[in-house]
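With chain A held as given, fit chain B onto it using these hints.
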Amino acid sequence: AQTVTQSQPEMSVQEAETVTLSCTYDTSESDYYLFWYKQPPSRQMILVIRQEAYKQQNATENRFSVNFQKAAKSFSLKISDSQLGDAAMYFCAYRSGGIQFYFGTGTSLTVIP
Amino acid sequence: EPEVTQTPSHQVTQMGQEVILRCVPISNHLYFYWYRQILGQKVEFLVSFYNNEISEKSEIFDDQFSVERPDGSNFTLKIRSTKLEDSAMYFCASSLRQGAYNEQFFGPGTRLTVL
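For the record, the sequence lines run as chains A and B.
For reference, each letter of the first sequence is one residue, going 1 to 113 in this note's numbering.
For reference, each letter of the second sequence is one residue, going 114 to 228 in this note's numbering.
The shape of chain A in the complex, shown without the other chains (with noise of 0.2 Å):
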């Protein structure tokens, strides 16, 4: 059955500083597709990232980026240069060939200014 796994229920950064959020997951798929999502304070989760599982190279937006280290299972999230509107809840998921997304349980993110 496929997990996801966050470690870190809250983390807190200091503005313009550098963080990374963890993600692990649990999976027999070769072929499988990894996210992640922000959700703000009483706001609808918006996509922020993702990652095919076949290519090699790590995904980037502008200062989020992503390590993926497939062996490791491990999906990665770090945000460069934090802003204070980057204070939310980071939700990593997984989905492959289904429909139906596998999330973890979240990692509250603190913004320090």
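Fair warning: there could be bad hints in the mix.
What the hints assert, rightly or not - Just a sample of chain B residues kept apart from chain A, beta carbon distances all over 12 Å, derived: (1) G129; (2) Q130; (3) I133; (4) L159; (5) E169; (6) D176; (7) Q177; (8) S179; (9) G185; (10) N187; (11) Q211; (12) T226; (13) L228.
Claimed, not checked - Simulated restraints, written as ranges between beta carbons of each label pair: (14) I133(B) x Q14(A): 32 to 40 Å; (15) S12(A) x D175(B): 38 to 46 Å; (16) N62(A) x S194(B): 42 to 50 Å; (17) M202(B) x L47(A): 27 to 35 Å; (18) M202(B) x D31(A): 27 to 35 Å; (19) Q83(A) x T118(B): 20 to 28 Å; (20) E169(B) x D31(A): 13 to 21 Å; (21) R43(A) x Q154(B): 28 to 36 Å; (22) N164(B) x L47(A): 19 to 27 Å.
Please keep in mind that the hints were generated in silico from the structure rather than gathered at the bench.
From the three backbone atoms N, C-alpha and C, an ideal C-beta is built for every residue, glycine too.
The following block gives chain B in isolation, referenced to the frame of chain A:
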């Protein structure tokens, strides 16, 4: 930018009552989903809906649950006889296409409290 909307933002109900949670997906999307998140736990998939049919459902989605797209714009989740353990945040999502790579757009959620 178009968004998925959900109403109400918070619903309180008595155990055994029926509730209907409402969602308005993004207008040109074709695939619709419901998820729930019990406090402190993972976001869990409930059901997906396409072409007026359920296309996939999880084991959570038992006979107490039903979904409907009654008028071409709303997408509803009905819980027939609520239980205490149904208390959770319920998220609606929609997508233009199916497939594991395609983005699902989420609503802000409805917090359901069953007393």
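Starting from the hint list further up, note which numbers the structure goes against and sort them upward. Failing hints, ascending: 4, 5, 11, 14, 17 and 21.
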